[in-house]
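> Please assemble the complex out of the two chains, which come individually in their own frames, going by the hints.
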Amino acid sequence: MVEFEFTPEQRDLRAVAREFCTERFAGPEVRRLVETPDGFDREVWRRLGRDVGLLGLALPEELGGAGAGLVDLALVAEEFGRAVAPAPLVGTVALAATALRLAGDDGTAEELLPAIAEGEAVVALAATDDRGAWAPAQPTVRATRTDSGWRLTGEQAHVLDGAAADAVLVLATTETGTGLFAVDGAADGLTREPLSVLDLTRRLARLRYADVPARAVGEPGQAATAVAGARDVAAVVLAAEAVGGAQRLLDMSVEYARTRLQFGRAIGSFQAVKHRCADMLVDVEHARSVAYHAAWAQDAGTDDPRVAADLATTVTAEAYLRVAKNTVQVHGGIGFTWEHPTHLYYKRAVGDAALLGGRAAAAERLAAAVLDGPALGGVA
Amino acid sequence: MTDRDRVVETARSVVAEHPPATTPQRAFLGACFDAGLAWVHFPEGFGGLGVAPGLQAVADGILQGAGGPNPFWLNPMGYGMAGPTVMAHASRELAAQLLRPDYVCDEIWCQLFSEPGAGSDLAGLATRAVRDGDTWVVTGQKVWTSNAHKARRALLLARTDPDQPKHRGLTYFVLDMTDPGVEVRPLRQMTGEAEFNEVYLREARIPDAHRLGEVGQGWHVAMTTLMNERTAIGGGSSVRGSGSIGTALRLWRERPDLRTPALRERLVHLFARADAARLTGDRQRAEAGERIGPEGSIGKLVGAELNQDVHEWCMDALGVEATLYSGYEPRPDGSPPPVEGEDRQRMFLRSRANTIEGGTSEVLRTILGERLLGLPGDLRADTGRPWSEVPRG
Ligand SMILES: Cc1cc2nc3c(=O)[nH]c(=O)nc-3n(C[C@H](O)[C@H](O)[C@H](O)COP(=O)(O)OP(=O)(O)OC[C@H]3O[C@@H](n4cnc5c(N)ncnc54)[C@H](O)[C@@H]3O)c2cc1C
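Those protein sequences? They're chains A and B, same order as listed.
Take any residue in the first sequence, count from 1 to its spot, add 3: that is its number in the numbering used here.
By the numbering used here, the letter at position 368 of the second sequence is numbered 363, and the numbering carries on one by one without gaps.
Looking at chain B on its own, in the form it has when it is part of the complex (with noise of 0.2 Å):
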């Protein structure tokens, strides 16, 4: 039995004993896990099954085909980037500990990355770790955390050795965001609810053995994060039509009335790009070696800008229409107010984070261009300068 098989009937056997419709989410979710379709190149125990990572693309579309949850959508930092990256760096027991309860979500995680002074030179940030016995102390802001004020858990970039070339003062952990020294305040974004927050972290406190990697490597098990992150933003669904060129093509469908030669004509050219895209993304996945490497990028950097360019076209197509909104203000919880349909000036307006979140683009072409192309590096001041002598602002 080829491992493609294996994975087809672990998948349809899950699919047959729990029928999603039918099985409580969390239910449904424990049970891909233990049945290793979870992260299928995991090793057994661990939610995989230890094959190949082109693989998943197969489970997710049974899984999902039957009317399953979309993992990513339930807890993104989480299923996205916390798994793999705890996989990777961490203890056999702490990963034991934390990727269950990771992707059936009872836990929520989040990435606290970004700093006020350090969003694209990520590598130059200033949260401070001291270390004190067997506990680390962590002291500094975060900012642009989404979905802090529902995680339970947090992936930590800190610095520990200010000396050092900012590089290699890092260390990562794995953050507790019950501790009475982290404090999650909303961040109000331009489509009006709050998906992302300041995190203040006033001494909070991380036990040791939640450290992943050594300390000083923080860099290294960053980057399993941020290639992981920008696969799983970029790395779409292997389904055509679907994403937000389906958006504007059920708006095609859907509203005779406001159909042009022109529009058709752009759309007909956004299509032809979704489709590349995707495309290549089934194409990536079919030669994935066991590494996600920066080629993940080439998704991220196209889907961003595809997005802003199809949720243009959505407006332009809506006409008069798309100078109402459905409300900025926020619900208690942070999250839109409810609209009938699709909320196309939302969508919209929330485009315009896509070439800025998870590596903007001029980042991405850098990275395309210097660790694909082999191209030489920029011209840079802070090359071998301890992080505290680097000017900062």
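Next comes chain A alone, as it looks inside the complex (with noise of 0.2 Å):
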């Protein structure tokens, strides 16, 4: 596998999948769909997972997926992102069915990742603290064994998907260290608050455990490895939506500068917009090529994925951030208003960069692999 080069299969995976957005996620749908109480639409996500595929393609064949990889994903990811589609593609599919893959718990995995596949159960993965911080060393949730069987007690807030969600992975804290549990999401005791959330696209819970029954999965010592390899998983995927995000705010703006007019010209024939319009262009085709490289390193082992993962948040996320700031310039008032797509895509951008732990904690990993530690392969 030759980094960079797609095969015949993965561009007609990228054409399904851009058909399906086209379709499914047209901007007014995506404007009503913000409106609704799951800000998703289930039958849609059944028919990704059921129909068309796209939601196990990551996944072992034997639980029910593809068994391609990242790349493929990413493919997939680029699309919804240019669509700014709403749906639990970066909790369920990245997150969770990651952290279930590398939890070390067959039984679970059998169970819920062929449904995950198949778009039946949208699965959270609930590792945060009660303050909304990604993957705390201790967690603030409790589990406790008792007769019945495992109870946790706690509570946990900006859990991405967490109050739609079929069934809750938990961070937890028990006896022998951190461990993951599963919760059933209309279990006894669990409380779901769905947050008022800036990124109206991406919906986030508090989640309230009051001696909730739950299922421990796989080894405590596990727990930790599985969080950090979905947070890999989704970061790339997340880059891959920033880069799809990113290319339709300039394909809007170029679209808008060749068109609109004032002083008798097209706007784009100003430099002040066009140099504007070509610093977009840059950070477009570097949040590609790093969101790819990502991907690939996980793959193909192309680089170490986590320093390329790291590497992709800190570029696609101030790429993103910078490409949305510049469309909201290049359109004037209408870019400022309800009615224009922009601002989903901007405030998607602003929520990005703060999920899975933030762009600042992605560059401070990044800066002790490349700067604070021996000299990494390549670097001098």
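What the hints contain is simulated information worked out from the structure, not anything from laboratory work.
Mixed in with the good hints there might be a few duds.
Here are the in silico distance ranges between beta carbons for each label pair [said to hold, decoys possible]:
(1) A:Gly110 - B:Pro14: 56 to 66 Å
(2) A:Gly335 - B:Glu178: 49 to 59 Å
(3) A:Val19 - B:Asp101: 50 to 60 Å
(4) A:Ala363 - B:Arg180: 52 to 62 Å
(5) A:Asp375 - B:Gly369: 42 to 52 Å
(6) A:Ala371 - B:Ala16: 48 to 58 Å
(7) A:Ala363 - B:Asp101: 48 to 58 Å
(8) A:Gly180 - B:Arg347: 19 to 29 Å
(9) A:Asp54 - B:Arg87: 55 to 65 Å
(10) A:Glu258 - B:Pro111: 49 to 59 Å
(11) A:Glu258 - B:Arg21: 27 to 37 Å
(12) B:Pro14 - A:Val19: 47 to 57 Å
(13) B:Arg21 - A:Ala371: 56 to 66 Å
Glycine included, each C-beta is placed from N, C-alpha and C at the ideal position.
Listed below in structure tokens is the structure:
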């Protein structure tokens, strides 16, 4: 597998994903979905899984998946990002499914992963603390073993897709360390409060556990690895979504700059506008390179996967934010309106920059890898 | 066997038969040329293998990885620009005559494009070429000509018809720099030394056989040169941490006494930008078809601004040491005085030129906007007017 060379099958996959997103996540539909309680359409999600087969792409074949890699998933994510599709792709397919795959619990994996691939189950990975911090060393949910099994008590905030999930994978503290636990979305003692969010296309919830029955998933020692691995995959998916979103914004800006006339000329003929568009192009191209590089790093080992993921987060988050800001500016007043789609993308960029620990933490890890330790492979 | 395998195998056998450590540079380069690894996308017999240009990086990785020289550093205009322009536009005979001496550095090249009155607006240049039977007689002044003082040959763009609109009256030539009508005068730059020159042409003579492309088609030929120039400057290496960012990373490693959290924060973002640029070069090479297009300008634009930011970081990191300089007096051959280690202050000053040479960053942004994004052109005062009627100054 040569980096950056897509196979014909991957090109087809992109076309299928684009067609689906164009059809199902057109502008008015996105606006309708963000007004609904769940924030996404379960029937569309099922079709994506069962009929189109996009949700199980990166899952092993014996677990209902297609056994493809992260490059394939990134191609789909790019199309989702282009449409700012409101759907639990990051929460369920990237985070929860990866954590389940890495947790070392065949039983739970065999039960939940095929359901995720089919679009039947929406699963959230609740790996935050009660203030929303990602992957705390001391989780704020405590798991206790009782005669009738495990029970969870505590609280977590900013859980992606936490309110709509059919099942929640919870990072909790036990006597013997941190562990992952599966909780039914409708379990007794679980209260889920949807948070009022800035990015309407990604739902976050506060989860309260009052003696909630739970099932241990894998060995406690595996939990940190599973959550870190899930983050690496989700970072690539977020990065690829950012590529799609930023490309869409660039396309919109260029189209507007070509057709909007002021002073008797298309505004794109003014260098202040033209050069801003050129800078957006550079951002999009850089974002695309690091996002797919991170996917290839995990699939084919072309780089240290964690370094590549942190690089992808650092570069794409900044690029997406800058492209979105520039898009507002190029559009003038209309870019600031509720009617215009730009704000959905801008808020997506702002929200993404803070997810999974945020881009500052990614840059910090990158600095630790590149600057603090011994020289990285290839780095002078 | 795929083309990639063929390139790999060829490069490995060149390295095995001519180990760079023990082979004289000229012989090593000659072996590379004869094996088709000079410009892999050129036809066989002309220094190439007739494979995709993206595979050059594969060959370079093996040849330079084994300690072979980087031809772009040895003969930048010759390797990066003259080679591709000659291959695309010269007759087979002329190409056969010019390419090998170019690649093995028997003949250094320079680029006689810019003039006092024509920089960004290159197509407005005034140097005249007038036909005299089988030769052309050239008169005019060029400026900023890098390496003219070392060059045996030059890529020359001259005006052959002043009454046409500016792009249509140009013709492209290969000039012999030893012609008696050529005078080279060094120009000193802010770093102290003289990398570039003024070149005065007084009835310099060029055989018509050394014309590239048709009379009046010079702009079209020049586009090949400029695209290749930008790709060569901006193409960068596919090795992480090479180029200017490597200078900063080395400083960070070698001088723990200089480290501060603020410098660390800035450096990691510079690293991320450099690595994104590197990967974008890799991706463009992987996607490249037969032709290098305006997307090559992305790497040139980013690389220039990144170099400046990286060297600025180095100066900040050096603290009060940044106030010193290794010396402004050039050596007789125009080169800077030797220093131990890296001459970071000189590199810092030199980087100011990066956003000017090879197309200014303003011009490049315009190219990206118009050629890649399809935005409408700037308002201009010269469209359609004969060159001779356009204001200049
Ligand atoms: C170190 C160095 C080496 C060089 N080597 C060579 C060489 O070997 N051969 C050669 O032929 N040339 C060479 N050059 C010349 C180089 O290509 C020119 O300097 C460059 O094209 C700019 O031209 P100029 O200096 O005349 O500046 P101008 O074109 O006069 O530009 C001045 C300023 O105006 C801006 N500007 C001009 N037009 C526009 C526009 N339409 N829109 C917006 N902004 C505009 C420019 O961006 C710049 O900021 C070299 C230059 C340097 C610095």
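> With reference to the structure, classify each hint as holding or not holding.
Going through the hints against the structure:
no., hint, verdict
1, A:Gly110 - B:Pro14: 56 to 66 Å, "holds, 59 Å"
2, A:Gly335 - B:Glu178: 49 to 59 Å, "holds, 55 Å"
3, A:Val19 - B:Asp101: 50 to 60 Å, "holds, 55 Å"
4, A:Ala363 - B:Arg180: 52 to 62 Å, "holds, 53 Å"
5, A:Asp375 - B:Gly369: 42 to 52 Å, "holds, 45 Å"
6, A:Ala371 - B:Ala16: 48 to 58 Å, "violated, 37 Å"
7, A:Ala363 - B:Asp101: 48 to 58 Å, "holds, 54 Å"
8, A:Gly180 - B:Arg347: 19 to 29 Å, "violated, 56 Å"
9, A:Asp54 - B:Arg87: 55 to 65 Å, "holds, 58 Å"
10, A:Glu258 - B:Pro111: 49 to 59 Å, "violated, 41 Å"
11, A:Glu258 - B:Arg21: 27 to 37 Å, "violated, 54 Å"
12, B:Pro14 - A:Val19: 47 to 57 Å, "holds, 51 Å"
13, B:Arg21 - A:Ala371: 56 to 66 Å, "violated, 46 Å"
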